[in-house]
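Chemist: The residues making up each chain are set out below.
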Amino acid sequence: GQQVQQSPASLVLQEGENAELQCNFSSTATRLQWFYQRPGGSLVSLLYNPSGTKHTGRLTSTTVTKERRSSLHISSSQTTDSGTYFCAMEANSGTYQRFGTGTKLQVVP
Amino acid sequence: GGIITQTPKFLIGQEGQKLTLKCQQNFNHDTMYWYRQDSGKGLRLIYYSITENDLQKGDLSEGYDASREKKSSFSLTVTSAQKNEMAVFLCASSIYLGAYEQYFGPGTRLTVL
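Sequences listed follow chains A and B, in order.
Residue numbers for the first sequence follow the working numbering, beginning at 1 and rising by one.
Residue numbers for the second sequence follow the working numbering, beginning at 1 and rising by one.
Among the clues, some could well be false.
Derived DSBU-like pairs (lysine-lysine); straight-line CA-CA distance at most 30 Å [claimed, not checked]:
#, chain 1, residue 1, chain 2, residue 2
1, A, Lys104, B, Lys57
2, B, Lys83, A, Lys104
3, A, Lys54, B, Lys41
4, A, Lys104, B, Lys22
Hint data in this document are derived by calculation from the structure and do not stem from the laboratory.
In isolation and in its complexed conformation, chain B is listed as follows:
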């Protein structure tokens, strides 16, 4: 079996600060995703990447950048942290974009002071 790890587990930043979240997977999956989950709500897709060096915008990409430097890792940058984007950020991967099985990481909880 494989695993998805996200670092850090908790991220605290100041308003306006640039913050980076990291995700690693050892499934050897082609596609990776970043979702944002606001408290008590569903998931919204921020960015996804079909393969290494590919980047696609989701429904909530404004205010974020992403980077897929290698197949196993996918980073998300909050370009200027705002209090209203305190949420849990979930990384996921699937063998390819149309594959039904998506595996999720444990999440990074972002707090903005």
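This is chain A alone, in the form it adopts within the complex:
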């Protein structure tokens, strides 16, 4: 079945540093989305990016569909960015998304 792998599994940054999170998937994605989960909390959608580059605030996502990968870049990290980031992909239209394993980010002052 579809596999969605994320790297790194965890990351510790100093406040102000940039973060680069990777998502690789085993089949062509028709839908690719990044989610954020704060510690002990629920998930919120950050970016929907099935292909190309999308920006929102300090977040930039680049998805290269034919290479089956997506990245999430967080610039000038803040302590409030700490939490777990998930990518989720849908292989075929009209099916459900599968989630990656997550990257746990900790930003320290």
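Here the structure of chain A is known, so what remains is to put chain B in place on it, guided by the hints.
Modeler: Then chain B, alone, in the frame of chain A:
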């Protein structure tokens, strides 16, 4: 805006017990989902429902039943609770199955004694 509520927030049961988790949404969304999140891991889809009275199995449906009696509510039953399924169960909804925006509830944490 809308909201998804899950009850209970914490659920403690005995091994072998049948347990039910409930989810309500007021977005008027057609599609609802149940996910299981094991500690430090990603989400796995248990069941989803495209519309009222519809039920579809996800990747992890064995050991679970689900029920979508009306558009706004989606219940999940653990048919025989086991210690290895202690996890957080997350409910979500989207306007339709292919919609990219999925909204999540706060979760129900299951403990099995």
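Chemist: Take the hints in turn and mark each one as holding or not.
Modeler: Status of the hints after comparison with the structure:
Distance restraint check for Lys104 of chain A and Lys57 of chain B: the Cα-Cα separation of roughly 29 Å lies within the 30 Å cut-off, and the hinted pair is therefore satisfied. Restraint check: the Cα-Cα separation between Lys83 of chain B and Lys104 of chain A comes to about 25 Å, which is no more than 30 Å; the hinted pair holds. Annotation: proposed proximity of Lys54 of chain A to Lys41 of chain B holds, straight-line Cα distance about 26 Å (limit 30 Å). Between Lys104 of chain A and Lys22 of chain B, the direct Cα distance comes to roughly 28 Å. Compliance with the 30 Å bound is thereby established for this hinted pair.
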